[in-house]
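Okay, here's what each chain looks like letter by letter:
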Amino acid sequence: RKEVEQDPGPFNVPEGATVAFNCTYSNSASQSFFWYRQDCRKEPKLLMSVYSSGNEDGRFTAQLNRASQYISLLIRDSKLSDSATYLCVVNNPPAGNKLTFGGGTRVLVKP
Amino acid sequence: NAGVTQTPKFQVLKTGQSMTLQCAQDMNHNSMYWYRQDPGMGLRLIYYSASEGTTDKGEVPNGYNVSRLNKREFSLRLESAAPSQTSVYFCASSTTKTGEARTRADTQYFGPGTRLTVL
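Chains G and V, in that order, give the protein sequences. Heads up, the first sequence is in the working numbering, so the first residue is 1 and it goes up one at a time. Heads up, the second sequence is in the working numbering, so the first residue is 1 and it goes up one at a time.
Simulated from the structure, these hints should not be mistaken for laboratory data. Only a predicted model underlies this, so the values are computations on that prediction, with no experimental measurement involved. Every residue, glycine too, gets a C-beta built ideally from N, C-alpha and C. There may be inaccurate statements among the hints.
As the list claims (entries may be wrong) - Examples of chain G residues toward chain V, derived with CB under 10 Å:
(1) Q6
(2) S32
(3) C88
(4) V90
All chains should be modelled from the sequences, with the hints used to inform the complete structure.
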């Protein structure tokens, strides 16, 4: 089983619609969770950290379910510029600063 | 403030050649990392350096060596390149607060990447 698993997609989303996707992780000791965004042929950039109580940043909402070991990302009112690959990232204690990346979920927002 | 910079941006090598990928950060970060990214796969950690003077193996260290030259710079060396090392290489850095490194991770900031092809 992969340490961090994501549906590779693509998720084809009409502009203005809502899209949500999950990732599952295997290390129950993980303490830090992130969503990164990666545009084609570019470096990953932090989209948002994921906190235990869930958190929102504009049109983006992230949730953490520790019991079932999954993280979710919801994008509301999708924009064309949201088209990208979204990487689910968790850390790996005891070397807490080591991160494991999922393979990414590709989102394509279409007019 | 350039963040994380990498050189070169592109490189083509023949099997058996050697090369060094350079990475530098100007954010005064303690930790630095080297990843590779292959199609359809997530980023995989090659080596990392939790602080100046220390380096540790990641998930896929075979065929690579690293040097943490100083706090700013972290280089990755391929001694004898193989076609299996064709990939996109990313360098990253993070603050890594003292005392939290064992359980928590800070945001990692990535360089623009080096696209390496080994023929």
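Results of checking the hints against the structure:
1. Q6: holds, 8 Å
2. S32: holds, 4 Å
3. C88: holds, 9 Å
4. V90: holds, 9 Å
Comparing the model with each numbered hint stated earlier shows that all of them hold.
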